[in-house]
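Asker: Generate the whole structure from the sequences, applying the supplied hints.
As they're listed, the protein sequences go chains A and B.
The numbers in numbering that gives the first Met the number 0 rise by one with no breaks, and the one at position 391 of the first sequence is 390.
The numbers in numbering that gives the first Met the number 0 rise by one with no breaks, and the one at position 68 of the second sequence is 67.
Relax, there's no trap hidden among the hints.
Facing chain A, according to a computed beta carbon distance under 8 Å, are these residues of chain B, among others:
1. Ile81
2. Glu119
3. Arg133
If you are wondering where the hints come from, they were derived from the structure by calculation, not from laboratory data.
Glycine included, each C-beta is placed from N, C-alpha and C at the ideal position.
There are 2 protein chains.
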Amino acid sequence: MTNTQFISKADAYKRPLKKRAVKPARFVEIYRDEEAFQGVAVRELGDITPVTLMSGDSVILDFGGHCVGYPSLDLHCVGDNISDSPTRLKLSFAEFPLELYARHGEYNGLLGNGWLQYEEKTAVFTPCTLRVDRRYSFRYMKIERVDNAPYPMVVESFNAECVSAVELDSVEKYIAPDERLQRIYDVSLKTLAECEQEVFEDGPKRDRRLWIGDLRLQAITDYVTFKNLDLIKRCIYLFAGYLNSKGEVAPCVYPDCPPYRLEWTFADYSMFLCSCIYDYYKATGDRTLADELYGVAFNQLEMVSSRIEADLQATADGTFIDWCPSLDKSVALLGVYAYCLGQLNEIRADEWLEAEIKKTHARLRGFLKDGVLVTPLGQVSQHSQVWGALSGAFDREECRRLLEELDTLDTEYTFRTPYARHYYIEALVSAGLEDKALSFIRDFWGMILDAGFDTCPEIFNPDNQFESPYEAPEINSACHAWSCTPAYWIKRLCKEE
Amino acid sequence: MTNTQFISKADAYKRPLKKRAVKPARFVEIYRDEEAFQGVAVRELGDITPVTLMSGDSVILDFGGHCVGYPSLDLHCVGDNISDSPTRLKLSFAEFPLELYARHGEYNGLLGNGWLQYEEKTAVFTPCTLRVDRRYSFRYMKIERVDNAPYPMVVESFNAECVSAVELDSVEKYIAPDERLQRIYDVSLKTLAECEQEVFEDGPKRDRRLWIGDLRLQAITDYVTFKNLDLIKRCIYLFAGYLNSKGEVAPCVYPDCPPYRLEWTFADYSMFLCSCIYDYYKATGDRTLADELYGVAFNQLEMVSSRIEADLQATADGTFIDWCPSLDKSVALLGVYAYCLGQLNEIRADEWLEAEIKKTHARLRGFLKDGVLVTPLGQVSQHSQVWGALSGAFDREECRRLLEELDTLDTEYTFRTPYARHYYIEALVSAGLEDKALSFIRDFWGMILDAGFDTCPEIFNPDNQFESPYEAPEINSACHAWSCTPAYWIKRLCKEE
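Answerer: Now the structure itself:
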């Protein structure tokens with residue numbers, strides 16, 4: 000179900016990317032070190048200079064920070080020598096050390112190995128510039144000479160053309176109350192910038208896609224930083240324009256890849272169209288977009304309502320909420336439902352919305368046992384407490400009770416993604432527990448910094464450094480949109496110094 | 000020793016390449032067949048249609064004839080499916096079946112493996128067009144899906160942008176006396192067209208270089224076919240402009256690769272600058288170029304003269320003549336020397352030239368024993384007879400005696416390259432043995448056709464199909480400039496029907 004008018008608007012908001020020339024900062028080596036994060040450490044080797052490569056030689060560049068773009072190398076032969084045969088270089092890219100340390104041939108993850116970041120380039124004549132045409136996401140780049148010719152080849156200079164929809168330098172400087180929070184803020188903001196491309200991508204390395212769950216978090220952070228309203232509108236229109244055959248908002252749309260949307264849905268993600276237009280209205284004061292898409296958003300809630308009526312558990316199984324195996328998501332789903340009902344009703348009040356809110360609140364209250372929400376399957380999960388607290392079904396005291404002991408709750412159903420942790424923070428803040436929220440950010444994102452990341456990863460488990468939803472930590476994304484909201488929270492919770 | 004004036008002229012004669020869109024003719028398979036040339040045969044599989052590739056699948060395209068250029072593929076995902084991860088394709092190119100049949104990883108030749116014609120390309124999003132940026136020389140192209148994602152990928156269309164300095168279609172049609180000669184003519188002309196690029200390349204697959212020995216043969220063929228005088232002048236100026244530090248003409252120059260010329264020389268190749276300007280003068284009637292470069296050409300002969308005086312054998316060791324191991328090239332060198340002296344003297348008579356001709360003729364006559372030329376090391380080679388016959392030292396009857404039994408001479412020192420065979424044909428024709436020349440062309444190049452080539456190869460030995468100067472027949476060039484002169488000879492020797 001394609002709304003061509005919305006798609007035209009999405010197209011009209013497309014802007015050229017901003018390009019930035021970046022030079023590597025230093026040569027490094029990457030080596031096994033049991034003490035280091037994921038057992039792999041980086042050692043500085045020295046300043047960047049032209050380097051002579053013989054067959055089998057390699058160097059590793061550290062660009063000094065996360066890059067998204069197109070590296071290039073200037074090559075020439077040495078002195079009087081003219082190479083008798085072409086030079087073949089294997090170029091490998093990595094956001095984090097393990098990604099470069101793991102062998103491509105031994106990758107055995109659940110995602111296709113096409114995501115592995117490497118390619119070979121051949122230089123037939125020199126001097127020449129080798130430029131990759133696949134966009135890579137990297138801080139480290141390994142250059143390995145893989146042809147067997149006995150001629151030296153000089154890499155004279157190393158460059159990268161980096162791309163983003165926004166410029167970090169052009170955003171108003173924010174001074175955090177302390178260095179730790181400043182660093183978390185900066186790394187979050189950098190993460191957002193790297194993910195802003197022709198759409199808000201979930202991660203620039205992988206999957207490079209516009210997911211509505213990520214979009215919403217990117218947008219709220221962007222409103223208070225880059226203020227890239229055009230890109231936000233573009234992405235919201237894409238979701239409203241490319242509905243699936245039932246009229247549902249897809250979890251993910253591809254602006255240039257037919258059939259443009261996934262046919263399957265996540266119920267929570269479909270409903271988040273309400274949050275997207277609500278946030279836009281709240282951030283800008285402009286209700287045009289919210290008015291225009293109110294009907295599409297309303298439909299999402301109606302459809303989820305029918306599905307919940309028919310089978311709550313089945314509908315809950317078809318939500319995202321978090322990557323937590325065997326999680327009973329039914330309470331969380333009702334929480335998201337009530338949350339989105341409330342937002343849409345705030346845009347424009349409606350009798351059906353109000354009735355549904357009332358009904359859903361009552362239903363949610365039915366799951367409260369001794370101050371804790373217990374799902375129909377008897378689970379006490381962190382997720383149920385968070386979405387209960389965000390649902391509007393409970394008063395501030397009840398919410399605080401749901402949240403205050405949540406981090407020590409005796410349950411295996413805990414937050415697995417920074418995405419889920421964002422809603423925990425939102426719940427804390429909405430219950431007036433700002434200090435706890437800030438200290439949670441400081442602890443969790445602080446551990447991310449301590450692990451050596453300079454952007455926020457897709458997944459981070461301090462108790463299992465090798466955790467990967469794909470059974471291969473090297474394919475994890477180290478720069479992932481849904482982890483970028485500390486920039487939003489810090490700015491909101493801390494008075495600027 | 001760079002003459003910037005000549006280099007500027009060479010640059011000024013550079014013209015844009017002509018581009019031609021080419022579609023593959025059919026799908027084929029390549030399989031082991033002991034009866035076939037090099038033990039590998041091609042079987043037609045059917046017309047070109049869009050093809051769906053799963054992980055591990057491959058197809059082979061036959062473009063129906065030799066191509067030099069940049070293939071591209073249009074890809075898209077099937078139906079409702081959106082690929083979850085990038086598609087990686089290995090693209091392999093081959094001028095002849097063995098090149099595609101041999102495994103890249105098992106290559107063990109003397110030349111660098113950077114010449115192997117393959118690369119991998121990744122498509123992150125579809126639909127997309129994958130275009131290679133390395134220029135390939137091929138008739139066959141294999142497309143192999145090497146990522147492991149379980150999604151079908153459709154290659155919707157297959158294209159190649161082919162490049163050449165000339166257009167086969169624009170050359171005046173020549174009708175040969177019979178079908179066999181017509182086919183040899185066509186294949187030779189196609190070979191020349193494929194090698195005419197930004198310079199006259201020796202071979203478009205490898206080494207893609209301007210060698211003066213090849214240039215001379217390309218030019219004489221071009222004068223009577225494409226008449227691409229600008230490219231001929233460009234290449235002659237490049238040789239005159241980029242002399243080595245002693246002022247010698249290099250065997251090979253690279254217009255865009257410092258230090259632009261090889262420092263080492265072949266004495267015969269240095270002297271061929273005389274032939275190049277002589278041929279230009281003869282073909283066009285315009286003596287401007289010959290006059291302008293007369294001095295440079297004269298110097299080449301003077302320098303070779305001194306070297307011959309000092310040490311004939313050492314100078315002969317530093318000639319090309321042919322790829323014939325242990326060949327004593329001293330008589331052949333004197334033949335080339337006399338031949339070039341004569342050409343320069345014909346451009347403009349000179350006392351020293353005349354004296355040298357006389358002296359060299361006398362010296363050559365001294366090697367004649369019982370009607371056959373025997374080298375100082377006692378060798379009776381095909382090469383000595385040919386260059387003796389071309390030297391001008393012998394009368395027609397003596398030349399005929401040198402040549403008539405040459406093909407049955409009891410010697411291991413036989414022609415190894417089509418290049419050496421060209422001068423055999425020239426010697427036959429200059430001795431009035433046109434019929435023998437034509438029948439030699441018909442036999443030798445006829446065997447090339449029968450082996451399945453549709454361009455003329457660098458090397459062809461009917462007694463050893465796997466002969467390779469590089470100890471790896473798959474790296475041989477199947478389209479090589481120095482084999483293209485049958486088009487010149489057929490046109491010269493056969494009255495058009």
